[in-house]
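**Student:** Sequence:
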Amino acid sequence: MNIILKEAPRHVGFGIRRALAQDLVRIQEIEDLAFGGQWDYFHFRASLDDIFLVAVDAATGDLVGFLVACCCKEARRGIILRVAVHPDYQGQGIATQLLEESFQELRNKGLEEVELDVDILKAGAQRLYEKMGFHVVATFSPDAEEDESYFLMRKKLGT
1 MNIILKEAPR HVGFGIRRAL AQDLVRIQEI EDLAFGGQWD YFHFRASLDD IFLVAVDAAT
61 GDLVGFLVAC CCKEARRGII LRVAVHPDYQ GQGIATQLLE ESFQELRNKG LEEVELDVDI
121 LKAGAQRLYE KMGFHVVATF SPDAEEDESY FLMRKKLGT
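Anchor point for the sequence shown: position 24 equals 24 in UniProt numbering, and the numbering is continuous, going up by one each time.
Misleading hints may appear alongside valid ones.
Using 25 Å as the maximum straight-line C-alpha spacing, the simulated BS3-like pairs for lysine-lysine come out as follows [unchecked claim]:
(1) Lys156 x Lys122
(2) Lys73 x Lys156
(3) Lys131 x Lys109
(4) Lys156 x Lys131
(5) Lys73 x Lys122
(6) Lys109 x Lys156
(7) Lys131 x Lys155
(8) Lys73 x Lys155
(9) Lys155 x Lys109
(10) Lys109 x Lys73
Hints were generated in silico from the structure; no laboratory data involved.
Please construct the entire structure, taking both the sequences and the accompanying hints into account.
**Tutor:** See the structure below:
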């Protein structure tokens with residue numbers, strides 16, 4: 001008799017909430033894994049008054065992802081500064097949930113569009129953003145001496 005065991009589904013419920021000061025150590029751990037520590041604790045601490053969301057695994061209470069955004073009211077535009085999900089939890093729709101929640105917060109502030117930049121080499125992130133309605137409006141290299149290029153992407157928020 002052959003018994004076929006299927007892998008248990010990885011998806012579990014996730015909640016989205018505002019980031020708290022006590023979350024910053026875990027957020028920094030995820031930042032280091034996702035971006036090699038481009039931001040430090042003080043960047044995150046200063047962002048607590050911005051749109052700063054975290055994803056929490058409902059089963060374990062573990063913080064598994066985050067998003068930081070700010071508002072440019074003069075341009076009526078939000079800017080997504082950071083989105084990261086712990087590697088063990090990627091591919092489960094967490095970044096999508098974080099982005100959707102941030103869009104709602106930006107709409108509530110009366111903003112009309114949102115923008116972000118993404119490394120030109122991160123095809124998976126680009127696909128996610130395109131799926132969510134973003135389109136490339138420019139390509140730029142912040143430092144001419146480094147071999148890095150980014151896409152600037154925008155999305156209309158609508159209603």
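**Student:** Hints the structure violates: just list their numbers, smallest first.
**Tutor:** 5
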